[in-house]
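Note that the protein sequences, when read in sequence, are chains A and V.
Here my numbering is used: position 284 in the first sequence is 290, and no number is missing along the way.
Here my numbering is used: position 186 in the second sequence is 218, and no number is missing along the way.
None of these hints come from the bench; they were simulated from the model.
Some hints here could point you the wrong way.
Stated by the list, open to error - Here are a few chain A residues that face chain V, going by a calculated C-beta distance under 8 Å:
id	residue
1	153
2	154
3	198
4	206
5	269
6	311
Claimed, not checked - Which chain A residues stay away from chain V? Per the calculated CB distances, all over 12 Å, these:
id	residue
7	7
8	9
9	39
10	53
11	57
12	93
13	96
14	97
15	99
16	171
17	174
18	182
19	227
We put the beta carbon where it would ideally sit given N, CA and C, even for glycine.
Each chain is listed here by its residues.
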Amino acid sequence: MHDLCALIPLGDPSVADPFAAVAAAAAIAARSGGRVRAILLGRVPDADAIAAAERDGATDILSAAHAGLSEPPQAEHLLAAFEHLLAAETADTLFLLPAGAVGEELAARLAIRLRGVPLGRCTSLDRDGGQVTARRASHGGRAEARLTTQAPRCFASLRRPAAAPAAPGAARREIMLDCPLPNDVPPPEIRHTAGEQARRLEGARIVVTGGRGMAGAEGFALLRDLAALLDAATGASLPAVDAGWASVGQQVGQSGAFVTPDLYLAFALSGTAQHLAGIGLNARIVAVNSDPEAEIFRVADLGLVAPWQEVVPELIERLRAR
Amino acid sequence: MQVVVLLAGVVDPKWRLGTLGLRPGTAQVEDTALPRKLSPFDEAALETALQLRDADAAVTVTAILTGGAESDGLLRAVAAFRPHRAFRFGDAAMSLWDPATAARLLGAAVRAATEAPALVLMGREFGDSDDGVLAPALAEAEGWAFCGLAHRVALRDGDILLHRTRGARDEILHRRPPAVVSITNERGNRLRHPLMKNVMLARRAPVEVVAPPTAPPPALALRAIAAVPPAQRGGAGRVLTGPVAAQVEELAAYLRASTTGAA
Ligand SMILES: Cc1cc2nc3c(=O)[nH]c(=O)nc-3n(C[C@H](O)[C@H](O)[C@H](O)COP(=O)(O)OP(=O)(O)OC[C@H]3O[C@@H](n4cnc5c(N)ncnc54)[C@H](O)[C@@H]3O)c2cc1C
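So that you can see chain A by itself, here it is in the shape it has in the complex (with noise of 0.2 Å):
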């Protein structure tokens, strides 16, 4: 059976949830045996990560250091070093990467340069013998893929499990690198976006989003008044995007952000497959729209059939004059 071992990136803040991989491995441990390990790769040595690996359930942590890391570290020295790391390995093993955009081009290529079998993002994983067993969303969602797969190396992308076993506790190593990282690829000039984008879609308790329905760039600052109103992050749909009333890091959904508020308020979308595998499982949907038939109506706790622009501006009032 493939042993399990997540491999977490530091130091980029863009990664919402690094130690989703060791959750997700633990869980899988939690199911059919076997440690978990966990490779940790920044240009310090970290004791939070350590410990924070350590809650989520690894076995054996192995806190790798590169002083030639960057912060945020870039693409090509992490896989340079993951490489290195992972040379000495002969055991079978599914390895496994935060969900999310660095997480996942990691793990492909990773996958193809050690010429494992990338399996992409998903949703559950399973090792019988020599076999792994992936199950993967497909068709925007509107499907699942089952695959298979006897390579002695897999790489996959999880998100963070519903249900966290028990952390039994962890060995720890830590190691200093010093293998050569490619000096070929330039670093990214980076410029922080200010304002609304600060307030990151992961992690926030409330979202407020919008859809092609709001019609212009003007419903969509009445959105972000409501957004601040309520200490809540502005998301889009994909056609909102397009449209430029929002910038291309606000897209939830499948080709987008994943987001886990407790609460999440859909105006004027549809609530396309798309669209919903963005949203976690236990949020709590609002949705404002015009049309009584429409799909969202069917996710929603509570929802108004209303044109948007006869609700927000007198919601605003409302909860202003609380």
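For this one, chain A is given, so just place chain V with the ligand on it according to the hints.
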């Protein structure tokens, strides 16, 4: 400078998937009877390529659509945008589920366009089966540079300049050709409309087809696929009725209760 844009198409998301499944005795998805269209990311990648061509007479754009004959209509729609060349790569038996195999096939598709690609563009997700693995897999398999999820691309002095957003930061990256870049949708890369004249021309033009090389047995096998209903959520499904003002008051009360509860 050779720019290649790889397009996959998706089953029209407005169409019911119905009895999606595998063709009996194969690992191929039977969805050829369902209408296909370009995904938002195919469109963004295509528009990016067209903008590069418009900005620089030295840029040659080849558009490649993967798939069997069911995609010919879509290829004609792509040809209507007048890339320098557009062809379909593949047949009904070609499968992109195993990323290593898919990367090899896509590499062959690029080489059928040019021996010296400078920039390969593809959507952040490639077709209905990919969740973002294929673009980085292609880059690694070919040893080309990679940038994922860019929303703006420019060419400057032989360099590729890329804009992308990662969490709360905007990044500008430089990549030396050859590079694979996956594109995410943004206002600046919404696909233009083709000229009606070109749509008519493309409709009459023959479709160029390039056959894929024989692929080795995949290391990752598709065993089953089925449409799934939307995930169950705990919502009460309470839809308010009555005057809008009263509904808004109820919503305000609901939000107050939720936000104080959270505090
Ligand atoms: C491969 C792929 C990936 C995709 N990924 C994503 C993704 O990550 N995220 C995403 O969001 N989409 C994604 N999509 C797009 C998705 O298929 C839908 O097109 C999109 O989710 C629809 O967005 P919408 O609900 O804003 O627009 P629509 O479906 O057009 O809905 C607009 C809604 O607004 C309502 N409305 C209109 N006017 C008003 C008004 N005045 N007041 C109140 N309500 C009003 C209408 O009744 C309607 O329900 C993807 C598609 C593909 C093919």
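A quick look at each hint next to the structure:
no.: 1; hint: 153; result: 5 Å, holds
no.: 2; hint: 154; result: 5 Å, holds
no.: 3; hint: 198; result: 5 Å, holds
no.: 4; hint: 206; result: 6 Å, holds
no.: 5; hint: 269; result: 5 Å, holds
no.: 6; hint: 311; result: 6 Å, holds
no.: 7; hint: 7; result: 18 Å, holds
no.: 8; hint: 9; result: 18 Å, holds
no.: 9; hint: 39; result: 23 Å, holds
no.: 10; hint: 53; result: 24 Å, holds
no.: 11; hint: 57; result: 23 Å, holds
no.: 12; hint: 93; result: 16 Å, holds
no.: 13; hint: 96; result: 18 Å, holds
no.: 14; hint: 97; result: 18 Å, holds
no.: 15; hint: 99; result: 15 Å, holds
no.: 16; hint: 171; result: 23 Å, holds
no.: 17; hint: 174; result: 31 Å, holds
no.: 18; hint: 182; result: 27 Å, holds
no.: 19; hint: 227; result: 16 Å, holds
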